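Trainee: Build the full structure now, drawing on both the sequences and the hints.
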Amino acid sequence: MVNEVKSDIEIAQEADMIKIQEFASRLGIKEDELEPYGHYKGKISYSFMDRMKDQPNGHTVLVTAINPTPAGEGKSTVTVGLGQAMNKIGKNTVIALREPSLGPTMGVKGGAAGGGRSQVVPMEDINLHFTGDIHAITTAHNALSALIDNHIHRGNELSIDVRRISWKRVVDLNDRALRNVTVGMGGPLHGMPREDGFDITVASEIMAVLCLASSLSDLKKRLAAIVIGYTADQAPITVHDLEAEGALTVLLKEAIKPNLVQTLENTPALIHGGPFANIAHGCNSVTATNMARKLGDYVITEAGFGADLGAEKFLNIKTRAGGIDPSLVVIVATVRALKMHGGVAKDHLKAENVEALKKGLANLKKHVETIEAYNLPHVVAINKFVHDTDEEIQTLKQWCEDQGINVELADVWAQGGEGGKDLASKVVSEIENSKHSFKPLYTLQEPVKEKINKIARTVYGANGATFSAEAEKQLDFFAENGWTDLPVCMAKTQYSLSDDPGKIGRPEGFTIHIRELRPSLGAGFLVALTGNIMTMPGLPKRPAAMNMDVDDNGKTVGLF
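Residue numbers are given in this note's numbering: position 207 of the sequence shown equals residue 207, and the series is strictly consecutive.
Derived by calculation from the structure, the hints in this document are not laboratory data.
Do not rely on the hints blindly, as some may be mistaken.
As a list, the in silico DSS-like pairs of lysine-lysine whose alpha-carbon atoms are at most 30 angstroms apart [said to hold, decoys possible]:
no., residue 1, residue 2
1, Lys294, Lys426
2, Lys53, Lys30
3, Lys43, Lys88
4, Lys435, Lys454
5, Lys541, Lys350
6, Lys6, Lys421
7, Lys53, Lys294
8, Lys503, Lys541
9, Lys426, Lys439
10, Lys19, Lys397
11, Lys19, Lys53
12, Lys421, Lys88
13, Lys384, Lys397
14, Lys397, Lys359
15, Lys439, Lys91
16, Lys91, Lys43
17, Lys6, Lys384
Have a look at the derived ranges for each label pair, beta carbon to beta carbon [said to hold, decoys possible]:
no., residue 1, residue 2, range
18, Gly404, Lys439, 19 to 27 angstroms
19, Arg542, Asp485, 42 to 50 angstroms
20, Lys6, Pro70, 19 to 27 angstroms
21, Ala235, Pro440, 25 to 33 angstroms
22, Gly132, Ala235, 31 to 39 angstroms
23, Asn532, Asp402, 35 to 43 angstroms
Please read these numbers as outputs of a predicted model, since none were measured by experiment.
The beta carbon of each residue, even a glycine, is placed where N, CA and C say it ideally should be.
Mentor: Okay, here's the thing in structure tokens:
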């Protein structure tokens with residue numbers, strides 16, 4: 001019976017884990033290169049990368065997906081399951097994932113540690129405070145906020161215009177009440193009154209900086225370049241102007257070290273960094289991915305949401321920052337998400353509906369075309385859910401075969417690595433037999449408008465992009481300051497190829513509207529905001545937090 005299946009946390013708490021010191025030793029990590037955080041997790045030091053710099057890099061396999069349903073489609077589960085399966089077929093493989101944010105963990109989407117028999121463990125640690133990386137980013141971000149307000153209070157030598165401060169505060173929770181706040185109230189001793197607000201921590205530029213930095217010195221350099229606001233005549237003010245990059249680096253010197261854990265089947269996993277894919281660039285850290293490339297012959301990594309978001313940013317932003325040449329892309333598709341793109345309501349997805357599935361296949365087709373635009377080999381992985389029927393799965397497989405698309409069923413939620421061996425074999429075969437010459441979608445020297453239009457047309461299938469009057473002014477301002485030779489990070493809904501979450505499937509005849517552009521000079525990209533995307537999410541009517549508890553022995557219950 002379906003209702004007798006164990007929960008993710010019950011499965012995770014039964015895991016037979018290897019102590020972290022022994023686990024690291026098996027991977028060739030020396031004792032002084034590991035910093036244990038308890039029995040089953042640890043950080044890998046800078047000295048490891050120095051020692052391994054001449055080691056050949058393993059193949060990088062990117063796992064992406066079609067546009068998801070609000071509940072998510074198990075992309076992390078497939079990533080973990082595929083990594084386990086690769087090791088089962090004799091391929092030395094390491095997994096590289098993002099760290100879960102407490103916002104979605106306590107909200108509706110859940111964590112990002114996989115599910116069923118394809119999880120990274122200790123699952124509750126990873127989904128809650130883990131090794132404190134996100135808290136360190138929160139602290140560094142808010143320390144900068146405090147330094148800004150203190151500078152203004154102490155005479156404002158830099159002439160910061162309080163109306164033009166772009167640096168908000170952050171918290172790693174979904175809290176809509178903090179989107180807009182007023183600070184400095186209570187009289188002269190309490191600072192200068194001004195409007196402020198909070199973003200979720202994973203939307204912080206410091207999160208993006210940490211994930212794209214290649215070393216501690218690069219981290220400090222990137223932090224120094226962050227623009228926090230402007231003077232009255234719109235001269236940019238940076239972290240370096242505030243002399244704050246040293247202090248911020250001190251707060252982040254441990255957080256920049258990747259975290260080593262393991263899966264239920266003891267496959268190594270590096271979990272590090274967690275920028276949202278609809279707000280930020282949606283990929284785990286460059287440092288962790290490059291470290292995984294030294295540890296394994298194959299690296300299985302993921303990028304958030306669909307290929308229109310995380311994969312696009314991985315291929316246009318992260319590959320440049322990390323010197324990464326991806327070998328193959330796995331596109332995760334689920335029967336239920338395709339049925340939703342075919343018009344089925346969320347509460348009717350469990351019922352068989354082959355016709356809706358067929359209609360929703362247009363969404364999968366677009367994501368396949370997107371990966372083809374990067375000249376990369378690809379495999380569609382059908383992530384099996386318990387309510388999928390044989391006819392639905394066969395219909396999806398047959399459609400892929402008729403289209404000449406490589407496809408395999410992945411039953412990794414229920415069976416772990418064993419359920420992904422066929423997928424793993426196909427991935428290896430495609431890498432060994434396919435020729436590819438990956439290149440990003442645009443050059444950095446192209447005009448910003450052209451970069452955005454290329455993403456809109458090629459990745460979203462739009463007619464192009466339109467720009468608000470404010471965005472047009474910002475483009476001119478960026479050009480005046482020499483900020484145009486940077487990649488673009490699109491902020492867009494994950495639920496649609498368009499900027500309207502209600503346009504499911506494969507919409508046509510639409511344009512992408514750019515309402516605002518923001519410079520993220522520390523991260524090294526320009527952010528283009530579309531639609532009504534928010535940098536501080538809210539909680540649902542009944543948050544997942546309402547189901548969580550801890551027993552008298554300290555055992556967490558109700559965490560997925």
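Trainee: Each of the hints needs a verdict: does it hold here or not?
Mentor: Cross-check of the supplied hints:
For the hint pairing Lys294 with Lys426, the CA-to-CA distance comes to about 23 angstroms; that is within 30 angstroms, so the pair holds. A C-alpha spacing of about 15 angstroms is found between Lys53 and Lys30, which places the hinted pair at or below 30 angstroms, so the restraint holds. Among the hinted pairs, Lys43 with Lys88 is consistent with the structure: their alpha-carbon atoms are about 26 angstroms apart, no more than 30 angstroms. Distance check on the hinted pair: Lys435 and Lys454 sit about 24 angstroms apart at the alpha-carbon level, within 30 angstroms; holds.
Restraint check for Lys541 and Lys350: satisfied, since their Cα atoms lie roughly 22 angstroms apart, inside the 30 angstroms limit. The hinted pair formed by Lys6 and Lys421 meets the criterion: a straight-line CA distance of about 23 angstroms does not exceed 30 angstroms. With a CA separation close to 8 angstroms, the supplied pair Lys53 and Lys294 stays within the 30 angstroms bound. For the proposed pair Lys503 and Lys541, the alpha carbon gap of about 24 angstroms is at most 30 angstroms, so the pair holds.
For the hint pairing Lys426 with Lys439, the CA-to-CA distance comes to about 23 angstroms; that is within 30 angstroms, so the pair holds. Of the supplied pair hints, the one linking Lys19 and Lys397 is violated, its CA atoms being roughly 41 angstroms apart against a limit of 30 angstroms. For the hint pairing Lys19 with Lys53, the CA-to-CA distance comes to about 27 angstroms; that is within 30 angstroms, so the pair holds. Straight-line distance between C-alpha atoms of Lys421 and Lys88 comes to about 7 angstroms, which keeps the hinted pair within the 30 angstroms bound.
Among the hinted pairs, Lys384 with Lys397 is consistent with the structure: their alpha-carbon atoms are about 12 angstroms apart, no more than 30 angstroms. Restraint check for Lys397 and Lys359: the C-alpha separation of about 15 angstroms stays at or below 30 angstroms, so the hint holds. Of the pairs offered as hints, the one joining Lys439 and Lys91 holds, with about 26 angstroms between alpha carbons and a cut-off of 30 angstroms not exceeded. For the hint linking Lys91 to Lys43, the alpha-carbon distance of about 24 angstroms falls within 30 angstroms, and the restraint holds.
Simply put, Lys6 and Lys384 have alpha-carbon atoms about 17 angstroms apart, close enough for the 30 angstroms limit, and the pair holds. About 23 angstroms separates the C-beta atoms of Gly404 and Lys439, a value consistent with the hinted range of 19 to 27 angstroms. The hinted window of 42 to 50 angstroms between Arg542 and Asp485 holds, with their beta carbons roughly 47 angstroms apart. For Lys6 and Pro70, the Cβ-Cβ distance of about 24 angstroms falls inside the hinted range of 19 to 27 angstroms, so the restraint holds.
A hinted range of 25 to 33 angstroms holds for the C-beta pair Ala235 and Pro440, which are about 32 angstroms apart. Distance hint for Gly132 and Ala235: a CB-CB separation of about 36 angstroms, consistent with the stated range 31 to 39 angstroms. Distance hint check: the CB atoms of Asn532 and Asp402 are about 38 angstroms apart, consistent with the given range 35 to 43 angstroms.
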